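Colleague: Assemble the whole structure, with the sequences as input and the hints as a guide.
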Amino acid sequence: MKNILEVKNLSYQYSENDLILSNVSFQLQSNTLLGIIGPNGGGKTTLLRIIAGLIPIQEGEIVWNGKEISKNFHKELRLSYVPQRDTVNTSLPITVKDMIIFGNLPDKVNKRELSKLLEKLGLTKLKDSLIKELSGGQLQRVLLAKALIRRPSVLLLDEPTKGLDSTGQDQLLNLMNTIQEETECSIILVDHNINQVIKHCDEILCLNRKHHWHDKKELFNTDIMNSVYHCEFEHSLIHENQKDGKVTEHHQCSVHPEGHEHD
Amino acid sequence: MSFFTDFIEFDFLLYSLFGVILISILSGMLSPLVISKRLAFMGSALSHSTLLSISISLCFFTVNQPLPLFLSNTLIVILMVSGLATFTYREKIPTDSLIGIFLSISMALGIIILSLYSKEKVDLTSLLFGNILLMTKVDLVILSLLLILVFFCLWIPRAKWVYLIQDEEGALIQGINLKFYHYLFYILLGITVTASIKLMGTVVVNTLLLVPGVVALKVSRNLKSMISISILFSLFFSVLGLMLGNSFNLPGGATISVTLFIGMILFINLFPWTIKFFKSL
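Protein chains in written order, with the working numbering: chain X, 1 to 263; chain R, 1 to 281.
FYI, nobody ran anything at the bench for these hints, they're computed from the structure. Computed from a prediction, not measured in an experiment: that's the story for all the values here. All the pointers check out, no bait thrown in.
Simulated crosslink set (EDC-like; lysine to aspartate or glutamate; CA at most 16 angstroms straight-line): (1) R:LYS160 with X:ASP98; (2) R:LYS224 with X:ASP98; (3) R:LYS224 with X:ASP128.
Modeller: So this is what it looks like as structure tokens:
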């Protein structure tokens, strides 16, 4: 398997003294499902949007298939992005079928391919329904179908399970596994449900602003999670006072009142 | 019979009838996009801001010079809406606040310039509700050309417009030039408002930009029917309003506004019954 994505020392801040990503580095191999988890405001969506090319890089480097992000990299890579469901405007009277077809613009869609995709995502009966009449889970599947109609080699999903019950979450992520197996595409998804991510993803990126951990899911454990999650507030305050963003001395936080070392 | 015959007998009424037909088709095309892009307030701001462009233009030209007046108005409006488009492009601050500021400041400036430098006194009521007596052949030619321009700008890239409305970021990734279409929409809206203001006035233009779109989005089941319903609704009730106003000696613009509103209530409530009736046949 070859590296499809390489993120090198990526840093990003929305304003001065508000560093949301600091020196984030990781690699993603092709045909891998990477789950990005982390607390709210930890930079997950920002990272995904930078990777998708929706936010310009401030510091660091992103290499897709050995090439830096360029103007047409979405097309060259066949990259599809599924935004958070609530950002989609459903006011227009668009049917499910039409919405999926729009996903392949400017190219036309093969009818047989479309009906196969509708069947795979359980949307055949809904194909003539208006998108404003769909439930949250149904709309999520439509957005996924719209992204898949391009036959992407890379699929980025921003909180696809948001607002779904546990069965719905499980079904959707099972579907992601099936899609990955069948299409051999690489998938990066941002999610809050740690259990679901551990169950369905091959690799995990645990991210909380200045701290991140990335490796195979088998190596992920509670200690790692605690070290990234627990000191969300305490460590932010401590790290803000460090010029290089690293704290090597022992310090206290709510989980370790006796003090501990953190890198 | 004066309901119809007046429009054949008097040139100014015939011109105003053609003017209303052209403007209602224009706004019928734009209205669903205005509503679905959640820019209802934008239509209002643009129509009111024309006070500034008109007052600046009236410093140089008179009402009897329709073409230079229109060109000057259009140029100023394009500059203003381009500025507004820049401020609202992918802005995190709610855009309605910026549009609100634009509305009040442009109106206030318009009044000041009008009182200081205008070459002739302008009836502000006619600016609000229009004046059917002012329609000329030149205005009709301008409106016809504008109709063709708006039609092609919306029709050729129609799939792109739809994509942009429902998912801006998805469209961006698909390689659609978000910025270009953002500016284009503001400019088309600005020119349409400018060309319509003389006959319709700010209040009526605003109604025309909102009501047909609301009706179309409420009752249509696909994009083709959305555009068709919006245009036909706008056309029918605007012409009806003009004719009613003429028959009962009421102000034309205001009557069109009220007719559109009554039409909206009737249409939305009766539409499901009409569909059922036709299906049962």
